[in-house]
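Heads up: the sequence lines are chains A and B, in that order. Going by the numbering used here, the first residue of the first sequence is number 2, and it counts up by one from there. Going by the numbering used here, the first residue of the second sequence is number 76, and it counts up by one from there.
Some hints here could point you the wrong way.
Derived CB-CB ranges, DEER-like [claimed, not checked]:
1) 67(A) to 212(B): 51 to 61 Å
2) 80(B) to 264(A): 53 to 63 Å
3) 340(B) to 201(A): 36 to 46 Å
4) 47(A) to 340(B): 47 to 57 Å
5) 395(B) to 136(A): 15 to 25 Å
6) 158(B) to 39(A): 10 to 20 Å
7) 75(A) to 79(B): 58 to 68 Å
Partner residues aside, some chain A positions facing chain B, computed with beta carbon under 7 Å [unchecked claim]:
8) 71
9) 72
10) 152
11) 155
12) 262
13) 277
14) 285
15) 287
Please keep in mind that the hints were generated in silico from the structure rather than gathered at the bench. Predicted model, so just to flag it, every value in this text is computed and none were measured. All C-beta atoms, glycine included, are put in the ideal place defined by N, C-alpha and C.
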Amino acid sequence: MTTLDIKADATPSVRRPTPVVALLRHTRYVLAGNLVTAVAFGLFAIIVLLAIIGPWIAPYNPTATNTTIALQAPSAAHWFGTDNLGRDVLSRVLVATRLDFIIAISSVALVFALGGIAGIAAGYFGGWTDRIISRLSDTIMAFPIFVLAMGIVAALGNSVTNIVIATAIVNFPLYARIARGEANVRRNAGFVQAAKLSGNSTPRILFGQILPNIMPIMMVQMSLTMGYAILNAAGLSFVGLGVRPPTPEWGIMVAEGASYIITGEWWMALFPGAALMIAVFTFNLLGDGLRDIVDPQRRT
Amino acid sequence: MRSLGKRLITIVPTLIGVVIVTFLLTRVLPGDTAAYFAGPMASQESIEEIRVSLGLDRPLYEQFVHYIGDLAQGDLGQSLSTGQPVLTEILTRLPASAELTLLGLLFAMVVAIPLGILAAVRQGSIVDHLCRVLTTAGVSLPVFFTGLLFVYLFYYVLNWAPAPFGRIDIFATPPQHITGFYLIDSLITGNFEAFRASFAQIWLPAVTLGIFALAPIARMTRASMIAALSSEFVRTARAGGLSPRKTIITYAFRNAMLPVVTTLGMVFSFLLGANVLVEKVFAWPGIGSFAVEALLVSDFAPVQGFVLTMAILYVVLNLLIDLLYGVIDPRVRIEA
């Protein structure tokens, strides 16, 4: 049985191009065929760029108040208008990109590590490890996502770090389940058996053999949940958790603008909200695009 | 009936898990509850005194047993800011949230299911593209942002909706309390003035919520309709000369419904969370805005009660969805 498995898994690498070249070709093919994905990649590049250089290109100091120019509509001097304290909305939106991006990236990275390791362990070892981790996932999934995140931030304390932790915890089941399923399928695969027979330690098999193999599908999951991570974090700061004024952050800026909407000062909430929307939209499109590249069969 | 009993038993471990998590959320995590209750100026002794009176000096398992005892009596603690028992507050506010959420879901289903079916029947048509745009935009829109945009557009610019404050116009009298749902109560009592006033307030937040819930339903309806339409029984029905309407609705849609119902579980998870944000935007007096107000002044008992209520609601809703499976697909009943 073992020998058969090894044979089945061995790739006839002689005639095919190397996997990297094949992946690049496939990526180019998908991007050429799907304009939307190409646009998403472009927008993503812009967001990353703004996250890096945002504070340098902002025309004004994002926290400098000047009540003499409070609540001015968009103009040549202030493209996105000014808020109730006379701060430049454009500068605040630009500077906020970095914080929102960091929150999204770090919560996704955290859940990737936690959920990935737990899921691989559950899938590979089975038995009690599996039961405990699966039960934990089920319990987290018994809560509505945003409600649990609110509860966690309320308990841990009101800070940006805790928003990251809460977002990671509520997304844990999604990652753990995928990693578990994928690891479970591969635990008896030929290459794992071969690694075992040649005397590799268990951690080495988990991280050297199984992890690289389930990486692509985990990456797809990551970009699919990144949009939710931003939405979740912005929602939390909208209800007043996490980021505190005067720190510029999209969610809290929308919240600050909320009370001025009914008197017609739309620019305070519109621009940060639109930035948030574009970011989430980009990540969702990017997730779909990545899935098409990595796993064309799951395409809907 | 036996399968119903079996399914009911499976929610017991989930509920135990939910109770444990809600308990842990306030007890073991950092932050000294006693110091908080005592206030910033309290001395070390008075903090200790409060710790003893709250039972926080006892071992964790004893506190847990105590907590379960309180829960069994329906005691969720007192709200510090309103002075009312949390359970009373939640029960009086629950109908407001439920009315809003259900109306939002109804709107989402009424729009999303026909849209998904049409998109599947006419693949590549304008309806299909509209469906794709709506589903991608629907999941990308922060629900609090959509709500604010709607307020600006429909209240400030067009003046089609009243100011976004509460369930009913402040000058109108709420209908007599029967179900707690203003729309239903006013219809039962024949109070059409109250019906009109409360509908004017609720339609905008409900549509906001609905747009958020629309995307997953439409997407799944489209995908599962495409699968059903390309199956052999639909081909047979067509070949047998049945009308397109009968083929699509009776044959394909009935079979395509199961995955759609499965997505409803996820949709509820979104809706219950989004509800909190929409309630804040529209100053809706539901349990979500109650929890947010409590959260901002670090009043923990209401938050804990809210998280627990929402989790129990969600577990029950998932149970109902599972039971709905059996109604739609008799095969599920036999296997269970």
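Each hint tested on the structure:
1. 67(A) to 212(B): 51 to 61 Å: violated (36 Å)
2. 80(B) to 264(A): 53 to 63 Å: holds (57 Å)
3. 340(B) to 201(A): 36 to 46 Å: Hint holds: Cβ distance 41 Å, inside 36 to 46 Å.
4. 47(A) to 340(B): 47 to 57 Å: Between residue 47(A) and residue 340(B), where Cβ atoms are some 36 Å apart, the hint is violated.
5. 395(B) to 136(A): 15 to 25 Å: Check passed, 23 Å falls within 15 to 25 Å.
6. 158(B) to 39(A): 10 to 20 Å: Since residue 158(B) and residue 39(A) have Cβ atoms about 59 Å apart, the given range 10 to 20 Å is violated.
7. 75(A) to 79(B): 58 to 68 Å: holds (60 Å)
8. 71: Violated. Min distance 19 Å.
9. 72: violated (15 Å)
10. 152: holds (4 Å)
11. 155: Nearest chain B Cβ about 5 Å off; hint holds.
12. 262: Result: holds, 5 Å to nearest chain B Cβ.
13. 277: holds (5 Å)
14. 285: Since chain B brings a Cβ to about 5 Å from residue 285(A), closer than 7 Å, the hint holds.
15. 287: violated (12 Å)
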